[in-house]
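Peer 1: Letter by letter, the chains look like this.
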Amino acid sequence: MSDPLPLGGEVTPGAARSLPAALWRAIRRDAWTLTCAIIVVAIVLLAVGADLWVAIEGQDLNENIEALGPDGLPAGPLGGVSADHWFGVQPLRGIDLFALVAYGARVSLLVGLGATVLATVLGVLIGASAGYIGGWWDRVVSWASDVMLGFPSLVFMIALGAVAPIEFPRQLLLIVVLGIFGWPRVARIVRAQVLSLSKRNFVSASRVMGGGTWHVFTRQLLPNLWAPIIIVSSLTIPSMIGNEAALSFLGAGVLPPTPSWGRTISDAIDYFETDPMYLIFPGLMLFLITLAFNVVGDSIRDELDPKSKGRG
Amino acid sequence: MSFNSVHAVRSVSYSVAAGEVVAVVGESGSGKTVTAMSLLGLLPTTAKVSGRALLDGRDLYDMPPADLRKVRGGAVGMVFQEPMSALNPVFSVGDQLVEAIKAHQDLSTADARERAIELLDLVGLPEPARRFRSYPHELSGGQLQRIVIAMAVANEPKLLIADEPTTALDVTVQAEILELLRDLRSRLRTAILLITHDMGVVADLADRVVVMYDGQVVEQGTVTEIFTAPREKYTQELLGSVITLGARATEGVERALASELVVRENHLAVSEHPATSSVPDVPAVEPVLTVEDLTVVYGGRLRAISVRAADRVSLHVEPGEVLGLVGESGSGKSTVAGAVTGLVKATSGCVKVAGADIARVRGRAAKALRRKIGVVFQDPLSSLNPRTPVGDSVAEPIRLHKALNGSSVDKRVAELLESVQLSASLRNRYPHELSGGQRQRVCIARALALNPDLLIADEPTSALDVSVQAKVLDLFRSLQEEYGFACLFISHDLAVIEQLAGRVAVMHRGHVVEQGPTNGVLAEPLHPYTQRLLAAAPVADPEEQARRREVWRQLKV
Numbered sequence: 001m002s003d004p005l006p007l008g009g010e011v012t013p014g015a016a017r018s019l020p021a022a023l024w025r026a027i028r029r030d031a032w033t034l035t036c037a038i039i040v041v042a043i044v045l046l047a048v049g050a051d052l053w054v055a056i057e058g059q060d061l062n063e064n065i066e067a068l069g070p071d072g073l074p075a076g077p078l079g080g081v082s083a084d085h086w087f088g089v090q091p092l093r094g095i096d097l098f099a100l101v102a103y104g105a106r107v108s109l110l111v112g113l114g115a116t117v118l119a120t121v122l123g124v125l126i127g128a129s130a131g132y133i134g135g136w137w138d139r140v141v142s143w144a145s146d147v148m149l150g151f152p153s154l155v156f157m158i159a160l161g162a163v164a165p166i167e168f169p170r171q172l173l174l175i176v177v178l179g180i181f182g183w184p185r186v187a188r189i190v191r192a193q194v195l196s197l198s199k200r201n202f203v204s205a206s207r208v209m210g211g212g213t214w215h216v217f218t219r220q221l222l223p224n225l226w227a228p229i230i231i232v233s234s235l236t237i238p239s240m241i242g243n244e245a246a247l248s249f250l251g252a253g254v255l256p257p258t259p260s261w262g263r264t265i266s267d268a269i270d271y272f273e274t275d276p277m278y279l280i281f282p283g284l285m286l287f288l289i290t291l292a293f294n295v296v297g298d299s300i301r302d303e304l305d306p307k308s309k310g311r312g
Numbered sequence: 001m002s003f004n005s006v007h008a009v010r011s012v013s014y015s016v017a018a019g020e021v022v023a024v025v026g027e028s029g030s031g032k033t034v035t036a037m038s039l040l041g042l043l044p045t046t047a048k049v050s051g052r053a054l055l056d057g058r059d060l061y062d063m064p065p066a067d068l069r070k071v072r073g074g075a076v077g078m079v080f081q082e083p084m085s086a087l088n089p090v091f092s093v094g095d096q097l098v099e100a101i102k103a104h105q106d107l108s109t110a111d112a113r114e115r116a117i118e119l120l121d122l123v124g125l126p127e128p129a130r131r132f133r134s135y136p137h138e139l140s141g142g143q144l145q146r147i148v149i150a151m152a153v154a155n156e157p158k159l160l161i162a163d164e165p166t167t168a169l170d171v172t173v174q175a176e177i178l179e180l181l182r183d184l185r186s187r188l189r190t191a192i193l194l195i196t197h198d199m200g201v202v203a204d205l206a207d208r209v210v211v212m213y214d215g216q217v218v219e220q221g222t223v224t225e226i227f228t229a230p231r232e233k234y235t236q237e238l239l240g241s242v243i244t245l246g247a248r249a250t251e252g253v254e255r256a257l258a259s260e261l262v263v264r265e266n267h268l269a270v271s272e273h274p275a276t277s278s279v280p281d282v283p284a285v286e287p288v289l290t291v292e293d294l295t296v297v298y299g300g301r302l303r304a305i306s307v308r309a310a311d312r313v314s315l316h317v318e319p320g321e322v323l324g325l326v327g328e329s330g331s332g333k334s335t336v337a338g339a340v341t342g343l344v345k346a347t348s349g350c351v352k353v354a355g356a357d358i359a360r361v362r363g364r365a366a367k368a369l370r371r372k373i374g375v376v377f378q379d380p381l382s383s384l385n386p387r388t389p390v391g392d393s394v395a396e397p398i399r400l401h402k403a404l405n406g407s408s409v410d411k412r413v414a415e416l417l418e419s420v421q422l423s424a425s426l427r428n429r430y431p432h433e434l435s436g437g438q439r440q441r442v443c444i445a446r447a448l449a450l451n452p453d454l455l456i457a458d459e460p461t462s463a464l465d466v467s468v469q470a471k472v473l474d475l476f477r478s479l480q481e482e483y484g485f486a487c488l489f490i491s492h493d494l495a496v497i498e499q500l501a502g503r504v505a506v507m508h509r510g511h512v513v514e515q516g517p518t519n520g521v522l523a524e525p526l527h528p529y530t531q532r533l534l535a536a537a538p539v540a541d542p543e544e545q546a547r548r549r550e551v552w553r554q555l556k557v
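The listed protein sequences correspond, in order, to chains W and G. Here our numbering is used: the first residue of the first sequence is 1, the next is one more, and so on. Here our numbering is used: the first residue of the second sequence is 1, the next is one more, and so on.
Just chain G, same shape as in the assembly (with noise of 0.2 Å):
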């Protein structure tokens, strides 16, 4: 397979038996899509194919485009990984499923719409017959990708393509979706091919595995030996630069079901669930950050629906400490970082650094304040200038600040890109040249310009894939120790900042639930909503993941 004379694909084969799930991992830009996409005959016209793809012993690749429409969705289906894309957002979902249905099989209207409610209905879906007229936006991402499951399991399909089902949801979703497609496993007797690159997907669902590197397939075997003896060394950097929570996590919520938490010094937590305030911050010494009382507002003006994204959040940060802010889509997290940016403005409550008001100082004071702030977004090429060479970008806070004139700007700039593990003659590279990892690390470096005293971190790791994720998270934690810079570090995934954060707050719907010492937190989780989220996230052992599955089981009841 190529494109362009570029060899996308090299020599791959698999197979995939009936009711058997084979996961296909690697980074992107591996390959592993480009295969599945083969199979469908979805690849850009660009693209050559040779070899053969045998579904129960025809080959899809011979295949005239009449019969490949007729496989499509009938005896293949296809998940995909952004359910809302996935979805035509004009035609409510009983209409999209119903047409699904309609394309292969010779059925009257009013009995694929029986049928339809029955797929609903299969995949999970509460009240189905109501759930049919509902349109994608008045859906929540968890119940879209079910719909868009039940349409690929409409024709009663022999092999189910699932291109990184998950990679788009919350982990609490992605667990309940995980569990949805090994129920329909072993009820359908599906095949599952499922594509992605999250080991811990892999470790809970799959019984082979397929792991592909540039375009080849560099080993394949069942779960148990590629996780418990992998014989190629791209399998082991893999596997090692996963991250993961540690069993403690596990013993945690198992003791959290037994009722045997031993509750410590400040660690609080909320009574209730879900939560109606928040927890009140714990008490500090001499802070960096406070954050008292915020509580953000979205909208409300006239009839418009008013969103508390944050309700009355504490919390703070000492000199030299990590403070973990962890919490699905739509917790807030990103709202109180926002807010100690100054990028959002407060309804009520203050945010404070260094002793200062955010909202309230003016002028002089104002760029005085900015100086002790460092920021680092979530996608490392959006928050570059396209326009401007890295080493200007980086250069941009010490200019503007006049901290350093002349040549030593180029001296820091060049110092700084070090520190970062960069090469200082990457400065006249445009952001587009430069790989994700090296952008976030660009990012990084212009947030340390000015040697800040808070670094505020929104996700700096969850746009990069897994072996980079890990190396920038250890430059991360290197950078710290040396610089001893306080830091919020706002992440979804628990995992990161169980590997960073002193401390950890919790947040859900717009509350702090819970707020202790990171050791505290996950080996004590108090809170039913940290409990869940810690049995969610899946880890890279397949057994140890067959235990946190129970766990999450029992947690759901």
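With the rest of the complex left out, here is chain W (with noise of 0.2 Å):
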């Protein structure tokens, strides 16, 4: 004598179990998503296999004064695009844009992920401890995060760029220095999420079955949390990429030779008005970047929920 069910039909599939199986779903279900997942893989691959790629093209990171006209601008329409120059060449120098931009992707991606990935383990660790022990340790937390996001990070970043030792390894420092100034948007986050479910029964109906701190974490708040810290993270992502950039378009992030976005458009910006497609390549990449991490989180997220439907 059980109720009659609201569904008619066969099963409906639940949500996706493993964040995998979301990723896989969301790109099935939307051309949008899929076309932003292609956008994603291409810019890592062409960071990835920047070598092979440059190397294709015939080109390298060198000087090429032949590529430019007689007034120091590239020879030829668009700045210098053409088969040999996919991207077009640099002005005054002459050095290839595509391998500029293809190189100048490791290091974005590189510090942007490695960033993430940091702010986001301590992000959700602080903020979940906090949350769910609560008491002082949880006074002690939101403290610091208000400090931490109330600090002017970027002035600190860059004088920490003017500081530090010429031979530290760059890309390490920028994807600390970014990490930690990144956990407090997570913690918060996650920390606010925790404080809503510990309210509800089911939290304490484990609690009442015996379930220890680390078994209602790992069970019952963990599977609620990868929604928000997916999210999260997916707009990390291209706002850390975009800290970099902006770091390095300030001179405190990567140093030169080293060729990164944030750096190719800080010269850019000097050619605008003769030259504009030297700024349009690596805009257009850091842009599309961006878009693409957001569209991919947010269809990630609503497969990831048992309760969406869907887009569309």
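Since the hints were derived computationally from the structure, they do not count as laboratory data. If you're wondering where the values come from, they're calculated on a predicted model, not measured in any experiment. Don't take each hint at face value.
[To be verified] For each label pair, taking beta carbons as the anchor points, the in silico distance ranges come out as:
1) H7/G x S196/W: 29 to 39 Å
2) S196/W x G299/G: 16 to 26 Å
3) V155/W x A110/G: 56 to 66 Å
4) R139/W x L42/G: 43 to 53 Å
5) L257/G x I133/W: 22 to 32 Å
6) V307/G x S196/W: 20 to 30 Å
7) S277/G x I133/W: 48 to 58 Å
Glycine residues also receive a C-beta, built at the ideal position from the N, C-alpha and C atoms.
The task is to assemble the complex, starting from two chains supplied on their own in separate frames and drawing on the hints.
Peer 2: What follows is the structure, encoded as structure tokens:
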């Protein structure tokens, strides 16, 4: 004598159980997500195989005056775009722009992903423990994250960039500094989520059954935290990439001659009126990667939520 | 009327005459609220409404927005279910009342203020001039609902729509609000459209009844017709599933008024009202659960006011026995439940389960103790993890205590789901895919997974619809007979307790004011609070309810 089910017909598929499954379903369900996933993959491939692609193009990161016209601007239309130089060349020095963008992608993604992983791991551990344990630890964490969020981090990072010893690997420095300034955002969201989840009865039920802190955290809280963690980290990746670009733009990021999108954009500003393509290629890449990570992250969140019916 | 091509309501017609109370009854999703909301144009913009709604001959559905605004709060007043959210927390109640008056009447602020104080007096608030300056959080739920009613009647409406006006309130407060509505109806000759799912409220107040099911009117008639000779099968089922107190409760209170009570063995009550201490526990034989002098004090650090949520409460439950713990909101019954499950820390006193002090045991003994306790919470949706299929939720205690492993876990889960009358194929569903009743069955299955000696049920049926509630209670009773677990059953509803419990403890403001066998407490209520509680709970029988109302009025004096 069971109640009739409100659902008719066959059993509807529940939510995705794992992150790869969620990603796969998001891609299959929506063409826009697919496009953005392809963009992410393409840019990652571009960064990983930069040596190969540049070799195929037949160029390198060296100066090449022959590609320039008599006025120092790239020879040919659209900033010198041709079969030899896919994205054109840099004005005055004639470095191949595709090579700059490809090697720059490597730096941007490495720093962006590294800093995001660091910020997310720190943020989840600190935020969840603060929300779940409460008491003095919660007060310390809340106070510390308020201080970190209110801290003029950009000024600090520029200053740190100026005083850091030249031998210290710049990319590692950026990852650590951006990661340390990034955790409070994650921690706040995770803490709030844990606080509201802890009041729900299923957490009480699990504790009454004799579940310990670790059991309750991994079995009851974490499955409900995945969605906010994924959405906040998918939004953190592009902002970290942007931060790295901003620091490099300001001259406090990676040092020359290491190429970086931020540094390339910074240089290109000077030539915007005479050679706009120089700005457009690295700028477009920065825009595309930011957009694509956001869209994919959003779709994964939808798929992980058993209540969402998917978009469209 | 339809939402996104879902027909919420189809060809519904009813009428309300001046000075008449028409009750629209039905379960959640039956379309009773949608119909009433459509009258004032308060439906979401995606809703399409067809038909006519005539108020004094003018069609409300055809009315231009400007005219409809005049009708809202003017000719038609509205009382909502949740008084706290119906009032704006940042304005004083007086200002909100003045605003409601000035929206429809051309009065000076001073006159409107005078009229507002008059209205507060009309709805029976003591010291209306002082209450005028109060903010919503300073008043109780019953007082707030009086203010909402005052706002609704501020402009002498022809029709008052009351959407579940007493659902969020305690029984004793509910009785007072119903009395107020009855009084307003006779004094102002206002027609009242009462929307409710509580047949007791209908029996108490209504002249005529409209029964709705699945967006259609199933049956309508006078209150006596519907209650004594319901024609439709659905109405009969609805009335059949209502759980109300038997006539002996009314007789008990009548005897109490005539001071003819006979006190039996094991039945104790405190002498003063309001109580300042709890009754001692009746003698125990071999208790599964003993609560001794339990005191829980909240707050009180620094200069904060401390609240004694439970004060020297002593109870016990014998094996296989169901002890009902009754009380209204704020009585401390949930605090006792929290202390018994270990979720709330006792300030003093102790809770022993099978002889072991729940606050003292550590390590393996603590885990073994947990195996003996099952808990069912009030809201089944919040007590199931939304990201876990229900089968895994049921299996959680089994896995946690490593009671079984491998495929025997799955077998046990299937067995448990079947024992709560759910198909085992539901195990892969998520909680939101199930109905309220199904979810609560899952929670019961989880609580019983390890064959506990003691089950704590904290208002397990109060979040469910009437007909579902009856089924879940039946299930509960048969499971209790089958497995023979001891149970601490907490409820605000004496009728539910009457059905299930062998013994009852009544709590009021942190004290157990009366304790004894269910028969004794219901038939011979000793404490004035128990008597009030018994008299205030409405029964689904208009004649019986009239008698109870009389008793209730006498108690009030």
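Peer 1: Work down the list of hints and note, for each, if the structure agrees.
Peer 2: A quick look at each hint next to the structure:
1. Look at H7/G against S196/W: about 36 Å separates their beta carbons, and that is inside 29 to 39 Å.
2. For S196/W paired with G299/G, a C-beta distance near 22 Å keeps the hint of 16 to 26 Å intact.
3. The hinted range of 56 to 66 Å is satisfied by V155/W and A110/G, whose Cβ atoms lie roughly 59 Å apart.
4. Judged by the Cβ atoms, the range 43 to 53 Å given for R139/W and L42/G holds: they are separated by roughly 44 Å.
5. For the pair L257/G and I133/W, the beta carbons lie near 55 Å from each other, so the given range of 22 to 32 Å is not met.
6. Distance hint check for V307/G and S196/W: the Cβ-Cβ separation is about 24 Å, which falls inside the suggested range of 20 to 30 Å.
7. Remark: the range hint 48 to 58 Å for S277/G to I133/W is contradicted by a beta-carbon distance near 37 Å.
In this structure, the earlier hints numbered 5 and 7 are contradicted, and the remaining ones agree with it.
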